[in-house]
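Enquirer: Sequence:
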Amino acid sequence: MRDSGKHFPEVDENPLLSRRDSKWWCHREGEPRMKTLAISCLIAVSILAPVSASADELCVGNLTEDFNDGVLSPRWIVTGISCGSITETGGTLRLARGTCLGTGTVVMDRTHETICGDFDLTVDFSLTNFTVPSAGSRWASVGVRTTNLAHQAVLERYNRFAPGDCTPSTTNYKMYVDNTTNCASTIVPTTVQSGRFRMRRAGSAILFYVWNGSWVLLSTKTFSADDVFVVFYVGAEASNTAFTASFDNLEIRSAVPLAGICEDFSSEVLDPIWQPATSCGTPVVSNGELVLAKNAGCVGGPYVTQHPQVSMLRGDFDVSAEFHLSSFPIPPVQNPAGARWFSLQVHPVSNTSTGNFAATIQVYSRQVGDCANYGRNYKAFTTNPLNCASSWANATGHDEGKLRITRTANVFRMYYWNPNTDDWQVLRTEAGTVRDVVVRLNSGTGVDTGAHVGSFDHVMINANNVECVGTAVGVVTADCSGGSVPLYGVLVDAYEVGSGELAGSDTTDATGAYIIPGLPIGDHVLTVVTPLGYTAPSPEVPVTINFGETSTANIQLQCLPVADNAKGMGFWKHQVGVATGGNGYAEVDSVSLCSYLDLIEAHFNSNAVNQVVVYDPAADATCDDKLLVAKELLNLKGNVGMTARARQQLMSLLLNVAGNYLSLRKVVSADGATVSQAITYCDFLIDDADFANDATAKSIAELVNDGTEIAAGVIPLTTDDIAYAPKDETKPVHVFALEGAHPNPFNPSTTISYSIASGGPVRVLVYDVRGALVRTLIDGNQPAGRQSVSWDGTDGRGSPASSGIYFVRLESGGQSANRKIALLK
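To convert, count from 1 in the sequence shown and add 134; that's our numbering.
It is possible that some hints are incorrect.
Below are the DSS-like pairs computed for lysine-lysine, each with C-alpha atoms no more than 30 angstroms apart in a straight line [stated by the list, open to error]: (1) Lys707 / Lys765; (2) Lys765 / Lys800; (3) Lys707 / Lys800; (4) Lys707 / Lys771.
Pair by pair, the computed Cβ-Cβ distance ranges are [unchecked claim]: (5) Asn421 / Trp349: 46 to 56 angstroms; (6) Gln327 / Gly225: 17 to 27 angstroms; (7) Thr684 / Ala752: 40 to 50 angstroms; (8) Gly716 / Gly772: 14 to 24 angstroms; (9) Asp926 / Val587: 57 to 67 angstroms; (10) Val587 / Glu635: 29 to 39 angstroms.
By construction, these hints were calculated from the structure, which means they are not laboratory data. Where is the CB? At the ideal position from N, CA and C, for every residue including glycine.
With the hints as constraints, model all of the structure from the sequences given.
Expert: As structure tokens, then:
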């Protein structure tokens, strides 16, 4: 990748995509590239009332800035530091004012991004050595300003003015707009040295808050609806005492978010994102750039186009690219006219009579006779009109630069980066039909047969990101003698046809229903991890996923015949005793016993709905090792407690089920409770830390093992009736996986299950559909293996979240995964 020193306009990272790099926003060194792009349709949607950004700026999306990069650029610019220092260190932005008069200012680079329309901004602050001056003032503030600096709105903290001009004149929170006098501002006295600020815009009003157990409204002011950028500011008047203001955890929720994708060509593979065209040359990715070398002796040239099934643009967008020309001579005068180009384009996905519109920026063209200024130039055209109809700018000697195309409503604008003014310059504005388009990077000639070589890099595509996915739903039932019954706790996996990749999973709820969102469009097959006592007539159920649609695929299992001949605890104690070297005759050999133990471990220990962990051998245990663990559970020694006796009977019950001596479906109580409910309830009683309940658990399991009916009301009929199915046996014991949430949809709470491959830092976060962080569920170290966490449907401040779709994100060991969940109220 080539660094020209001029960075593209930057947008905030979408939490479902890659993180921002300190040099290039779209990719952090050492992190995997954005595989999400391979399954994303980039589709612009409006949230709340749309507000158009200025022609030469980009709206920042939902932004979270934790100041952990160690560098301020390219997002932040130090615009003034007349007294002190400004650094990003220790995960905070620190503005340290020295023992002198003056100010320090850090602003969001408005040539890179601005905040458009309504927004909600919060930030943490901390102050050191911030004493009350005897006269004059000192301040530490965060605010927003319009791009032309004619207005400003600042939430300012801790001011002290000359005695007599304002009351109170001690330390305080305050705010002002348009630099009005301080007395015109709302003032809240305080001596707090740290806290959290908030400001939000609703139409033409800006509201200012401070956190005091809840948000306290300071004031509401009228403010222009212009695009704004963030500013951090410290300073003093008539006071030269040093102090430091630190800011952290800036969050912006924007009503007009644009999520960005940047293609830096750090992979040597174009597919599946880019489709190459080998006309008079072959597109090649080399050294982090897309090289388009046009061959001599032919007309045309190589190009690449976004694959419309994996990434297309709908609605408003902003596309830019950096180019470098290695060899690009001006073609000779020819008749008919000759031309040579290197261009960034957008093309309609389909060429229909109602919307055949293309917008193109063309670089370095040569025509003959029909136009003035026909040497090297920037120019633009739409729907291939004559070149003379296009605006152009001289580019002689410019072998590298940047190109850009935007669409707002039905207006296309084409730009080039002017190195003289260090800004975007509009080449042409055209009206065009709003329709689906794809990006094309093009190189070629018309008439002229000469050769040339150039490359593209850092292609930035800004649009609201909506995954090009669909959803699979259905019900898993079993065809038993009593009719079709729903199965609870069955794991359903969706695999992509062709690649064979596991695309998503879910576990059935109490009604047998599953929902697997976020599946890439195309053909999939569904498989179930079969629970004990059932079989799947068809190993795979096909389903086709269409963009934005829900596809239904029901799965029916069959019940296996069961001997229904449960054995008592003494039977299993004897079998294991003989298998471990004891005297006597065994009906069940050691190999069969170990297979039963493996089934218990797979179906009960790792169940997605309820883990019943009674028998728990080491991961590398041999058959002999496993039998010894079972022996310790069954052959109790001495005067043991009731917990051990309850576990002894429950272990025997699990062996009855695993050995097919007893069906999970069998009714064992007078009021209709099943073996499955008995196991689940016994497990609950043993694990509830109330030792008085262990006797009840022992009695229930013992009665089931002995074939005695249990009285009505002993086992609550509300106990989950689980079809105990194992987790996917094809996965390693310790893998990185976000297995999903149960129940889903949910109200009021859901449990999120996941696995991590190795111990270390783990984060589990919940985002809304706008990409705004709603709640951090886990942020700390966890051991390798399967974990779970519950979400009660509230945000980080304890307020109830609204009904709708949310995304759970798991981050661990440099990997990340996302799952969609639904909160229904």
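Enquirer: Hints first: check each against the structure and report whether it holds.
Expert: Here is what the structure says about each hint:
| no. | hint | in the structure |
| --- | --- | --- |
| 1 | Lys707 / Lys765 | 7 angstroms, holds |
| 2 | Lys765 / Lys800 | 27 angstroms, holds |
| 3 | Lys707 / Lys800 | 23 angstroms, holds |
| 4 | Lys707 / Lys771 | 12 angstroms, holds |
| 5 | Asn421 / Trp349: 46 to 56 angstroms | 51 angstroms, holds |
| 6 | Gln327 / Gly225: 17 to 27 angstroms | 18 angstroms, holds |
| 7 | Thr684 / Ala752: 40 to 50 angstroms | 44 angstroms, holds |
| 8 | Gly716 / Gly772: 14 to 24 angstroms | 18 angstroms, holds |
| 9 | Asp926 / Val587: 57 to 67 angstroms | 59 angstroms, holds |
| 10 | Val587 / Glu635: 29 to 39 angstroms | 37 angstroms, holds |
The structure fails none of the hints (numbered hints given earlier).
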